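Going down the list, the protein sequences come from chains A and B.
Reminder that position 83 of the first sequence reads as 82 in numbering that gives the first Met the number 0, one-by-one numbering, no gaps.
Reminder that position 184 of the second sequence reads as 183 in numbering that gives the first Met the number 0, one-by-one numbering, no gaps.
The hints are simulated quantities; they were obtained by calculation from the structure and are not laboratory data.
Everything numeric in this text was worked out from a predicted model, so none of it was measured.
Ideal Cβ positions, reconstructed from N, Cα and C, are used throughout, including at glycine.
There's no promise every hint is true.
[Unchecked claim] What the simulated footprint calls covered on chain A by chain B, stretch by stretch (three residues with Cβ under 8 Å from a Cβ of chain B suffice, anywhere in the stretch; the number is not a length): (1) 14-25; (2) 30-36.
[Claimed, not checked] With a straight-line cut-off of 16 Å between C-alpha atoms, the simulated EDC-like cross-links for lysine to aspartate or glutamate are: (3) B:Lys71 - B:Asp8; (4) B:Lys31 - B:Glu49; (5) B:Lys31 - A:Asp27; (6) B:Lys31 - A:Asp24; (7) B:Lys31 - B:Glu50; (8) A:Lys234 - A:Glu269; (9) B:Lys31 - A:Glu20; (10) B:Lys31 - B:Asp54; (11) A:Lys234 - A:Asp265.
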Amino acid sequence: MSDRAPADPGVSSLYAALPRETPPDHLDAAILAAARRATGSRPRKPARGLPVAWRLPFAVAAVVVLSVSLVTLMIDEGDQQRAGPHFPDAPEPRALEAKPQVKSPVVAERPARVEQKASNAASLGERTADAEKPKKRLADRADVPREPTMAPAIAESQKAEPAVQPSAEGSVGRVEMRETAPPAAVPMAEAPAAADRGGDRAAMTERAEGAARARRQGVTAEGQRAAVDQATRVKRLIGDLSEAAPEKWLEKIRELRRDGRDGDADAVLEEFRKRFPAYNVPPQSEK
Amino acid sequence: MGWNADSGDEALMLGFCSGDAAAFEVLYQRHKGGLYRYFVRQCRDGALAEELFQDVWMNLIRARENYTPSAKFSTYLYRLAHNRLIDHYRRHVRGVVVSYDDDCEGASVAEPVAPRGAQPEIEYDSRQLAAQLLTLLEALPEPQREAFILQHEAGLSVEEIAAATGVSRETAKSRLRYAAAKLRQGMGEWV
Numbered sequence: 000m001s002d003r004a005p006a007d008p009g010v011s012s013l014y015a016a017l018p019r020e021t022p023p024d025h026l027d028a029a030i031l032a033a034a035r036r037a038t039g040s041r042p043r044k045p046a047r048g049l050p051v052a053w054r055l056p057f058a059v060a061a062v063v064v065l066s067v068s069l070v071t072l073m074i075d076e077g078d079q080q081r082a083g084p085h086f087p088d089a090p091e092p093r094a095l096e097a098k099p100q101v102k103s104p105v106v107a108e109r110p111a112r113v114e115q116k117a118s119n120a121a122s123l124g125e126r127t128a129d130a131e132k133p134k135k136r137l138a139d140r141a142d143v144p145r146e147p148t149m150a151p152a153i154a155e156s157q158k159a160e161p162a163v164q165p166s167a168e169g170s171v172g173r174v175e176m177r178e179t180a181p182p183a184a185v186p187m188a189e190a191p192a193a194a195d196r197g198g199d200r201a202a203m204t205e206r207a208e209g210a211a212r213a214r215r216q217g218v219t220a221e222g223q224r225a226a227v228d229q230a231t232r233v234k235r236l237i238g239d240l241s242e243a244a245p246e247k248w249l250e251k252i253r254e255l256r257r258d259g260r261d262g263d264a265d266a267v268l269e270e271f272r273k274r275f276p277a278y279n280v281p282p283q284s285e286k
Numbered sequence: 000m001g002w003n004a005d006s007g008d009e010a011l012m013l014g015f016c017s018g019d020a021a022a023f024e025v026l027y028q029r030h031k032g033g034l035y036r037y038f039v040r041q042c043r044d045g046a047l048a049e050e051l052f053q054d055v056w057m058n059l060i061r062a063r064e065n066y067t068p069s070a071k072f073s074t075y076l077y078r079l080a081h082n083r084l085i086d087h088y089r090r091h092v093r094g095v096v097v098s099y100d101d102d103c104e105g106a107s108v109a110e111p112v113a114p115r116g117a118q119p120e121i122e123y124d125s126r127q128l129a130a131q132l133l134t135l136l137e138a139l140p141e142p143q144r145e146a147f148i149l150q151h152e153a154g155l156s157v158e159e160i161a162a163a164t165g166v167s168r169e170t171a172k173s174r175l176r177y178a179a180a181k182l183r184q185g186m187g188e189w190v
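Okay, chain A solo, but in the shape it has when bound:
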């Protein structure tokens, strides 16, 4: 028994010559759109966003705005650093020239941006810390050993011959200046000699101290700013994770802890507990 239909070749050829109607385009579009909706995919469209003609002008404008902002910010920061407080007995930097420099090999390897960070933090702390008794602060500092610690021999030699050497080599010189002779290691009795190292040194010392105090007190503008920054970061993290599975949250928390961002990790963990109260948090995500 043949499965083929009893087709008449003549009729079939005539039928094949009939017009081949097709559904209208709007019907095609509606059906295909329904299929895409059902699968959750989007129609293939040409690249969206700015028209090509606008991309270059926008890119140039963005670069100009960013550059101007950055330069303005740098000028402002430079002004603030120059306007920083000085010890009344701070000597001219010239007095320190031609002095041999003693430095710790470990300290010498530190990158220049460590100094830059500390300087910025000090600048912020300085703005907010009240202008109280700089000498008392120095005395406080002298009581507390601070990092980086120096070998006693080096410290001795620095007492006799202050290591600061105004460097023409930019930031590297500044790193050496700060790291090789931290003011905390200088006893109070020798503070005037240490202060002789120059106005910049004193200003930096003042800023670092202000930042340290601000950190201890936890109520300064820097602290507030840091808290706001952290809140923003955490909010962004939570936003990214909002649709994610619990495992993804925990993975992110572990990743934050690995990066040393315990504060962020704690905040994300707190939000995680709110969202998944019944979920058992593994210990490595806790702390």
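Following the hints, complete the assembly by docking chain B onto the known chain A.
Positioned in the frame of chain A, the structure of chain B alone reads:
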């Protein structure tokens, strides 16, 4: 996954079931013409044909979770189309349902339209022949017309026509035979 003209209907449908809209697009492009003409020839009403055509595809999209490739996809698709057409007839044109229920062998042969080509001196162009064929097709009983269209538009075999229309193989074969005979008779010397 990249779908192309060589991809099988069933694979495409399974691809769509697993969330690939591109597979549906290929499937749709492949079958839209035949299905649309199925409704146009059956309904003889463009707007109604469009509505039913859209309904069938929407039903296919909605019911994709339940699709299992137990038969040819085209058989499944035209089964949906057939059911939708019957449903429409039941709601709006009761008389036609009776026609579907009748045994086709008992249906009267359509009165053939006298071909104007009976006079050999008159040349018929293809458009006139097409119009003649369409007239004859419209005059066929619904089940025979459906069987003929399924054979010529969807390329279904007798078995598949039987499966799509829910009748026995013999009934489907009989409908096809009657349809072909009437059309041949109506077209006279032109076939």
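Against the structure, the hints come out as follows:
1. 14-25: As far as the stretch 14-25 of chain A goes, the hint holds, because 10 residues have Cβ atoms under 8 Å from chain B.
2. 30-36: holds (count 5)
3. B:Lys71 - B:Asp8: Holds, at about 8 Å.
4. B:Lys31 - B:Glu49: Holds, because 11 Å separates the two Cα atoms, which is no more than 16 Å.
5. B:Lys31 - A:Asp27: 9 Å, holds
6. B:Lys31 - A:Asp24: Holds, at roughly 11 Å.
7. B:Lys31 - B:Glu50: At roughly 13 Å apart (the allowed maximum being 16 Å), glutamate 50 of chain B and lysine 31 of chain B satisfy the hint.
8. A:Lys234 - A:Glu269: Holds. Lysine 234 of chain A to glutamate 269 of chain A sits at ~12 Å (cutoff 16 Å).
9. B:Lys31 - A:Glu20: Holds: lysine 31 of chain B and glutamate 20 of chain A sit about 10 Å apart, inside 16 Å.
10. B:Lys31 - B:Asp54: Given pair lysine 31 of chain B, aspartate 54 of chain B holds - Cα atoms ~13 Å apart, limit 16 Å.
11. A:Lys234 - A:Asp265: With Cα atoms ~13 Å apart, lysine 234 of chain A and aspartate 265 of chain A stay inside 16 Å; holds.
Hint violations for this structure: none, all hints satisfied.
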